[in-house]
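Participant: Guided by the hints, dock chains V and L onto chain B, whose structure is given.
Chains as they are written, first to last, in my numbering: chain B, 1 to 279; chain V, 1 to 272; chain L, 1 to 347.
The hints are simulated quantities; they were obtained by calculation from the structure and are not laboratory data. Take the hints with a grain of salt, since some may be wrong.
[Claimed, not checked] A few chain B residues facing chain V, derived, Cβ under 8 Å:
no., residue
1, F24
2, V36
3, L111
4, L112
5, A117
6, V118
7, P119
8, G120
9, L129
10, V146
11, L150
12, F183
13, T208
14, P229
15, G244
[Stated by the list, open to error] Simulated coverage check for chain L against chain V, where a stretch passes if three residues somewhere in it have a Cβ under 8 Å from a Cβ of chain V:
no., stretch
16, 73 to 83
17, 97 to 109
18, 150 to 162
Glycine is no exception: its CB is placed at the ideal position from the N, C-alpha and C atoms.
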Amino acid sequence: MMTRASPGMKRRGPGPRFVAQLLFTVLVCAFLVVPVVLSVLAGLSENFFVGVRSGLTLRWVGQVWSMYRDSIFLSLGIAIACLAVTLVLGVPIAYVLARRPSRATRLFEELLVLPVAVPGLATALALILFYGEWRGFRASWTFILVGHVLFTLPFMARSVLAVMAAIDLATLEEAAASLGAGFAARFFGVIVPNARYGILAGALMVVTLSVGEFNITWMLHTPLTKTIPVGLADSYASMRLEIGSAYTIVFFLMIIPLLIGMQWLSRERTSSMAKRHGG
Amino acid sequence: MSRGDIRFGLLALPALTVFAAFWLLPMARLVAVGASGPRGVAAYAAIVTDANYFASLVSTVVLSVAVTFATLIVSGIAGMFLQRNEFFGRNVLVSLLTFPLAFPGVVVGFMVIMLAGRQGLIGTVTDALFGIKLVFAYSIAGLFLGYLYFSIPRVILTVMAAVEKLDRALEEAARSLGANPWQVLRDVVLPGLRPALISAGAICFATSMGAFGTAFTLATNINVLPITIYTEFTNYANFSIAAALSLVLGVITWAALAFARTLAGSTVAAAA
Amino acid sequence: MADNAASVRLARCAKTFPDGTRALLPLDLEIATGETLVFLGPSGCGKTTLLRIIAGLAEPDAGGHVWFAADDVTTLPIERRNVGMVFQSYALFPNMTVAENIAYGLKVRRVDARERRQQASRLLDMMHLAGLGDRRVDQLSGGQRQRVALARALAVKPRVLLLDEPLTALDAKLRESLRVDIDQLLRSLGVTTVYVTHDQGEAMALGDRVAVMSQGRVEQIGTPQQIYYRPESAFVADFIGTMNRLTGTCTDGLLRVQGGALRLPVARATSDHAMFRPQDARIVEPDAGALAGRIVSAFFLGSTTRVVVDLGAEQSIVVDTSERRSFRKGDAVGIDVGADALLILES
Numbered sequence: 001m002m003t004r005a006s007p008g009m010k011r012r013g014p015g016p017r018f019v020a021q022l023l024f025t026v027l028v029c030a031f032l033v034v035p036v037v038l039s040v041l042a043g044l045s046e047n048f049f050v051g052v053r054s055g056l057t058l059r060w061v062g063q064v065w066s067m068y069r070d071s072i073f074l075s076l077g078i079a080i081a082c083l084a085v086t087l088v089l090g091v092p093i094a095y096v097l098a099r100r101p102s103r104a105t106r107l108f109e110e111l112l113v114l115p116v117a118v119p120g121l122a123t124a125l126a127l128i129l130f131y132g133e134w135r136g137f138r139a140s141w142t143f144i145l146v147g148h149v150l151f152t153l154p155f156m157a158r159s160v161l162a163v164m165a166a167i168d169l170a171t172l173e174e175a176a177a178s179l180g181a182g183f184a185a186r187f188f189g190v191i192v193p194n195a196r197y198g199i200l201a202g203a204l205m206v207v208t209l210s211v212g213e214f215n216i217t218w219m220l221h222t223p224l225t226k227t228i229p230v231g232l233a234d235s236y237a238s239m240r241l242e243i244g245s246a247y248t249i250v251f252f253l254m255i256i257p258l259l260i261g262m263q264w265l266s267r268e269r270t271s272s273m274a275k276r277h278g279g
Numbered sequence: 001m002s003r004g005d006i007r008f009g010l011l012a013l014p015a016l017t018v019f020a021a022f023w024l025l026p027m028a029r030l031v032a033v034g035a036s037g038p039r040g041v042a043a044y045a046a047i048v049t050d051a052n053y054f055a056s057l058v059s060t061v062v063l064s065v066a067v068t069f070a071t072l073i074v075s076g077i078a079g080m081f082l083q084r085n086e087f088f089g090r091n092v093l094v095s096l097l098t099f100p101l102a103f104p105g106v107v108v109g110f111m112v113i114m115l116a117g118r119q120g121l122i123g124t125v126t127d128a129l130f131g132i133k134l135v136f137a138y139s140i141a142g143l144f145l146g147y148l149y150f151s152i153p154r155v156i157l158t159v160m161a162a163v164e165k166l167d168r169a170l171e172e173a174a175r176s177l178g179a180n181p182w183q184v185l186r187d188v189v190l191p192g193l194r195p196a197l198i199s200a201g202a203i204c205f206a207t208s209m210g211a212f213g214t215a216f217t218l219a220t221n222i223n224v225l226p227i228t229i230y231t232e233f234t235n236y237a238n239f240s241i242a243a244a245l246s247l248v249l250g251v252i253t254w255a256a257l258a259f260a261r262t263l264a265g266s267t268v269a270a271a272a
Numbered sequence: 001m002a003d004n005a006a007s008v009r010l011a012r013c014a015k016t017f018p019d020g021t022r023a024l025l026p027l028d029l030e031i032a033t034g035e036t037l038v039f040l041g042p043s044g045c046g047k048t049t050l051l052r053i054i055a056g057l058a059e060p061d062a063g064g065h066v067w068f069a070a071d072d073v074t075t076l077p078i079e080r081r082n083v084g085m086v087f088q089s090y091a092l093f094p095n096m097t098v099a100e101n102i103a104y105g106l107k108v109r110r111v112d113a114r115e116r117r118q119q120a121s122r123l124l125d126m127m128h129l130a131g132l133g134d135r136r137v138d139q140l141s142g143g144q145r146q147r148v149a150l151a152r153a154l155a156v157k158p159r160v161l162l163l164d165e166p167l168t169a170l171d172a173k174l175r176e177s178l179r180v181d182i183d184q185l186l187r188s189l190g191v192t193t194v195y196v197t198h199d200q201g202e203a204m205a206l207g208d209r210v211a212v213m214s215q216g217r218v219e220q221i222g223t224p225q226q227i228y229y230r231p232e233s234a235f236v237a238d239f240i241g242t243m244n245r246l247t248g249t250c251t252d253g254l255l256r257v258q259g260g261a262l263r264l265p266v267a268r269a270t271s272d273h274a275m276f277r278p279q280d281a282r283i284v285e286p287d288a289g290a291l292a293g294r295i296v297s298a299f300f301l302g303s304t305t306r307v308v309v310d311l312g313a314e315q316s317i318v319v320d321t322s323e324r325r326s327f328r329k330g331d332a333v334g335i336d337v338g339a340d341a342l343l344i345l346e347s
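Just chain B, same shape as in the assembly (with noise of 0.2 Å):
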């Protein structure tokens, strides 16, 4: 995710049009920011409206955790459930992919990314129609599972798929079986320790858009089985702006630990890569 700087020939000092687009960046950024900051301090403050001079309290993050428990505990379920389960597909497809490169797999790889190609609405619509007969099924968190493994199984494969084509798999497979290794030693032992970097940002990705997930999971959810995103909606629209703030900041602790995971991740990997190639 991070990029490093490619400097140019600088002249001596910044000039004007360095500052001009400094202070465009700066603009922007604060757009983007000045709204965390603001909903953080709101979800912190005694009252919105007084602002800060109120002072600061936790009892909305409080009010949150006892209104909402439930539902938090709900999204890391799924999320955790959801990691389990695009590994166990998405490595192996990821691996089929990298190996057998043909029309049929290149086919059934667009196939996979076709649920978030298209609107999550489309995709909940379909499964409602198709299963909401199914009560036992319908009413439960596996429903909303469902909905997150589609949307973030092309995102792993893709994830272990860019690495694994950029290793020399079959290679390193003949040279395990020559030494003789079975399938499931090979796969275990070989070709998922050098996977390691793609399985681990795909996990990343996977576990923040799960828990992130609201166009798919709102049509999918049940009163019973909020989550987050389903949460934050719901007391947007009908709790005090106090509370939905409180609420914002537990969705923002959950993300920025996974965020600077991912992070770190792409920085170890640049640095990794420009070691085994001596740069």
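Facilitator: Using the frame of chain B, we list chains V and L on its own:
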């Protein structure tokens, strides 16, 4: 079939089954439902034949196109600047600009409310300065702002990656022939970035067309297509029209992304 | 074409990069109008940095100045120096045709379209590229691209023409033939030219003067003959062509080595080492030469034969001879080197 082929087939089977069971079949059913209503197969043309739905389509397209252009310009300037300059705090700026990537549409809607809602920052500032409280979160302007909010981080990353791949020697060559910075931008840099910009623009367009959460939170009177579809389904139980409209929308977004892929080679699609 | 040619003068130009690397140590340099000066040296010696300073793509450290004729251009960026530059990768614009590439500098100078077309076609003819004006850049061969890059640089009637290793990307045969073409072109145009290369053959063939560089410094600057026959440092001597080097003890104006003794030149009669070119040594009968040794190997190169002779005590020398004898491994031979062909240099 060799043993290797069987093995590959077995490895791909779980994903294939899940996909077929939970997407292909339901989608096929959706297509059928779309044609099963009172209008029959004509439901698929309703998006242009019915005045309401057509208006919804037009407003969604206009909004998406406007957002795409605005995003390309804003992200183009900021992305190029960040990629080409090394300075204290640059990495912080890049992190801050890309962090909203993970926000779902609902949160983006809330951010717009924070800025332009009834108690929003902009309203408070204009009230203090001019005595009039400017509130536009629940109008098309607010929607525009929201769409801009989730589009900028995505496109900035694409722009930065594309700028990094530019051949600097071309710019130096243009300069050696006497071109000033604007001419270098017009004659060398922008033509070089064109495929990446078009691709990023197509992805931006597709994401905006299909965006639901932001419009939902802002609960506007503006009907964008995803909201129209939602209303038909939940309020009016018009399953067939909802199915038909959502499929048409799906084809539009898919086509835009496929176009982007032919230019760039890979997609970074995500919903909002 | 030569009307705009300017002389170039550098004073105290140095370049230190932000990470502390001293790419160029302070140097003074003068290039006469119409002269072709070649910067020659291994990679990392600073020749490209020097070229970029002259071009205006890099600024010298504080205190350095660059003049084109009487104009101080130190603070002028490249787009205002009116130079013509040929890049190692040619840097032809992929979004323009060949003719548009060549005419780009004129377009930027607001020359009208008809005039641009005429100039472009004149240059296409001059570069033997007639008829290729409407091609796209990726449809050209390497040699053709090189000539388009040259035509583009010349179209603007530059004050100084700068070439950054223009032949490096081509295969050997093409390099040879293009070298001749470029040489003729530069001579006929009379434009002041700065040429950077790591290839000695190119440097010697094309330069009016050659500046041999190493580690940010100009080791020696002179005509190709001066550089070759009168190297002023061991680096230059080693870098240009092949150089034999003998070390021994010195008595009575003779340099004594295991294989014999060489008479040293009068001015340096106390040196304990001496260098000479392979073609300055003569192979004679085994007992008739100042040195004696055994042939280790002989390479027949067509016009000359390169014979490697072992003098003992782990010293061997290379002799280029045009004699048509057979030289067999193990034969005993004698070697003579005239005192005036010996070079004594500080290390």
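Participant: Each hint should be assessed against the structure and marked as holding or not.
Facilitator: Evaluated hints:
1. F24: 6 Å, holds
2. V36: 7 Å, holds
3. L111: The hint holds - B:L111 has a Cβ within 8 Å of chain V, the shortest such distance being about 7 Å.
4. L112: Since chain V brings a Cβ to about 7 Å from B:L112, closer than 8 Å, the hint holds.
5. A117: 4 Å, holds
6. V118: This hint holds: B:V118 lies near chain V, its Cβ roughly 4 Å from the closest one there, short of 8 Å.
7. P119: 3 Å, holds
8. G120: 5 Å, holds
9. L129: Because about 6 Å separates B:L129 from the closest Cβ in chain V, which is inside the 8 Å limit, the hint holds.
10. V146: 5 Å, holds
11. L150: 6 Å, holds
12. F183: 7 Å, holds
13. T208: This hint holds: B:T208 lies near chain V, its Cβ roughly 5 Å from the closest one there, short of 8 Å.
14. P229: Holds: closest Cβ of chain V sits about 5 Å from B:P229, inside 8 Å.
15. G244: Holds, about 6 Å.
16. 73 to 83: Holds, because 6 residues of the stretch 73 to 83 of chain L bring their Cβ atoms closer than 8 Å to Cβ atoms of chain V.
17. 97 to 109: holds (count 4)
18. 150 to 162: It holds: at least three residues are needed, and the stretch 150 to 162 of chain L offers 4 whose Cβ sits within less than 8 Å of chain V.
In this structure, none of the earlier numbered hints is contradicted; all agree with it.
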